[in-house]
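**Student:** Given only the sequences and the hints, what does the whole structure look like? Please build it.
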Amino acid sequence: MKKLGVLFLVLLLTLSAAGCGGGSKPAENSPTGAAPAGAVIKVASVTPLSGSQAAVGESIKNGAQMALEERVEEFKSLGFDLQFSPQDDQADPKVGVSVAQKLIVDNDLLAVVGHWNSGVAIPSSEVYANGNLAMVSPANTANDVTDRELPNVNRICARDDAQGPAGADYAFTELGIKSIFIIQDKTTYGQGVADEFRKQFEAVGGTVLGYEGITAGESDFSAVLEQVRATKAEAVYFGGIYPEGSLLIKQLDEKGIKVKFIGPDGMDSSEVIKIAGDSAIGSVYTSLAADISGTTEGKAFIEKYTQKFSKAPEAYSSYGYDAMNVTLNAIVEAAKGNGGQKPTREQVVAAARATSGFKGVATNVTFNKRGDNTEASIYVYNFVEAKYPPTVAKQIPAAGFLKD
Amino acid sequence: MEQMTGMIPQLFIDGLTLGFVYAIVALGYTMVYGILEFINFAHSEIFMVGAFVGTEVLLYLQSAGYLTNIPAPLALMIALLVAMILSGTLGVFIERIAYKPVRSAPKLVAFISAIGVSFFLQDAVRLIEGLWKNAFYLSTPKLFSGSIKITGTLEIPEKVIYIMVIAVFMMVGLTLFVNKHKLGKAMRAVAQDRNTASLMSINTDMIISLTFLIGAGLGGAAGTLFSVQYALVHPYVGFVLGMKAFTAAVFGGIGSLPGAMLGGILLGLLEVFGAGFLGILTNGAIGAEYKDVFAFAILIIILIFKPSGLLGKTVGEKV
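Chains A and B supply the protein sequences, listed in that same order.
Quick note: the first sequence, position 30, residue 30 per UniProt numbering, numbers continuous.
Quick note: the second sequence, position 53, residue 53 per UniProt numbering, numbers continuous.
FYI, nobody ran anything at the bench for these hints, they're computed from the structure.
Each statement offered as a hint is correct.
Under the rule of at most 30 Å between Cα atoms (straight-line distance), these lysine-lysine pairs were calculated in the BS3-like manner: (1) B:Lys142 x A:Lys258; (2) A:Lys274 x B:Lys133; (3) B:Lys133 x A:Lys304; (4) A:Lys308 x A:Lys76; (5) A:Lys232 x B:Lys149; (6) A:Lys308 x B:Lys133; (7) B:Lys142 x A:Lys232; (8) B:Lys149 x A:Lys255; (9) A:Lys359 x A:Lys308; (10) B:Lys133 x A:Lys311; (11) B:Lys133 x A:Lys387; (12) A:Lys299 x B:Lys133; (13) B:Lys149 x A:Lys274; (14) B:Lys149 x A:Lys260; (15) B:Lys142 x A:Lys274.
**Tutor:** As structure tokens, this is what we get:
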């Protein structure tokens with residue numbers, strides 16, 4: 001038995017040593033291999049492709065890949081060999097940073113489409129800034145992503161400090177809600193969006209009757225809901241994600257507390273219907289993701305995507321697609337500015353920030369000096385029936401909430 | 001103030017419901033500790049598996065159309081029975097492969113083995129559900145919709161009554177079994193001294209397996225009751241709840257069955273009242289998010305003054 005164990009260990013060591021040897025070879029070759037092919041242009045997508053958030057990461061990657069593959073011919077006519085480099089950040093800041101470090105040493109790589117998590121994008125984008133690599137984010141909403149005013153960091157979606165206020169405005173004016181009970185899940189995201197909501201709701205004249213926290217991962221929210229009942233609030237605003245949010249909806253219904261439920265884009269998931277069922281009817285949430293199924297370009301996109309990947313696109317697929325097109329346009333512009341030669345990274349960074357009047361499937365894009373998209377929108381979704389995606393009740397331009 | 005007094009009856013019912021779930025899970029911890037003197041940290045995952053099995057049975061009954069034809073209590077009984085049998089078997093199985101081989105090793109080894117089993121079960125359930133349904137958040141079908149109105153502000157949902165009745169039934173049944181039945185007597189003997197018990201022609205391995213069967217079966221039942229009450233199960237649902245149930249067992253006096261029940265119910269009440277009142281009492285300075293800190297602070301204070309727990313006996317060192 002012991003001998004067998006030793007034999008196994010030796011075998012394992014040999015195998016892993018062989019694996020290391022095999023892995024290091026291409027790395028040694030790549031600088032020499034890259035030298036003759038000067039016309040290669042690579043664009044990376046960095047999203048979680050493994051782990052619990054892989055589904056959404058893959059849907060963004062697919063969107064970006066589709067946009068890139070559609071334009072390979074166009075780049076060939078300009079004399080470039082356009083290549084796609086999909087990367088996996090595992091939704092983990094540490095992995096994101098090491099991927100970023102790997103990307104900045106690849107001289108053919110000119111821009112990055114990513115990330116999914118703001119917490120990953122922030123440290124990774126510091127690395128891109130050091131390498132002068134342009135980044136166009138399809139989905140990061142944290143204020144800090146662009147508030148650091150890095151020249152290379154841009155995003156095409158709206159920001160967190162637009163979402164809470166937009167929700168508050170909608171609740172107060174459109175839904176006519178004067179008193180509200182706020183519940184948040186104590187995370188950076190949940191508390192952040194709840195605080196922004198609270199500020200705006202009080203600013204427009206509403207009353208906040210309670211502000212309570214819950215713990216993510218718990219299932220019993222009865223005590224907090226009893227407070228909602230006791231304060232007789234007209235509505236509940238929840239800063240957090242769908243597992244707890246859907247349970248709140250369900251438990252409110254079961255307890256017979258008749259209030260309107262309003263949430264942020266953490267509630268933007270088909271799981272809401274699976275968990276809350278019919279109780280979800282009448283609930284409202286704000287989201288940064290557009291419902292593209294209404295427009296002709298959107299319909300064409302959905303059809304192409306479904307055909308190519310044999311599954312329907314998710315909410316952020318079209319954002320991946322648009323972010324890639326913004327990036328490729330910037331590279332084309334930079335190349336023009338460089339006399340048709342392969343542009344430098346600095347030129348791409350400048351061209352990306354100069355993006356203006358881009359018309360995409362999900363959103364139009366014009367970047368301001370911070371890299372925020374002045375044409376982004378917030379969408380209010382309303383569960384008219386227990387079906388996902390719900391109906392778009394209103395589209396609110398985010399420009400009104402943008403500072404400078 | 002008026003707001004608070006109005007909430008008390010309803011909070012009491014909610015706290016009691018949560019407390020009963022804690023209590024049944026705590027029984028599993030306390031039984032294993034009583035016999036083997038080690039904490040079966042995989043018990044929280046047995047609870048989780050029970051919640052999944054119970055939910056899957058109900059989902060099956062729903063999709064097959066039986067749920068509308070048979071009475072809801074019967075459906076609940078079927079789910080409970082299947083969950084108890086499966087999780088009980090799982091408990092015995094875990095004991096055989098993860099604890100028995102290391103029984104004579106230091107306690108720490110079994111403890112680490114338990115943590116390993118616990119991670120394994122979380123990921124195994126996630127994998128199975130992921131492959132099978134491509135989603136590992138399951139929503140439990142609604143079994144009971146009625147509720148009994150007592151006063152204007154107090155309403156007891158039908159399902160809460162069922163949960164409490166079943167919980168009390170299980171706790172009384174277990175107490176009677178351990179105190180009156182021959183096998184229960186054997187269990188107590190093994191708990192007192194395993195070696196001497198084996199000399200008295202008690203099959204200690206069998207008794208230990210039986211302990212795990214009953215403890216894990218109760219854990220599975222608690223999982224099913226939990227999923228009926230809170231309607232959402234996922235592979236990580238056991239962790240927080242298991243920690244709290246374990247605390248409840250220590251609070252009541254680990255190793256003592258009535259202690260586990262009392263500890264569970266008190267912890268449930270403390271938590272719900274903490275969540276309901278902290279914000280109002282402190283005028284929003286300390287909100288419901290601190291309810292666990294509050295509950296655990298009280299537990300620590302009590303344990304400082306009564307280290308053996310509320311109903312635990314200070315046992316002299318075994319020689």
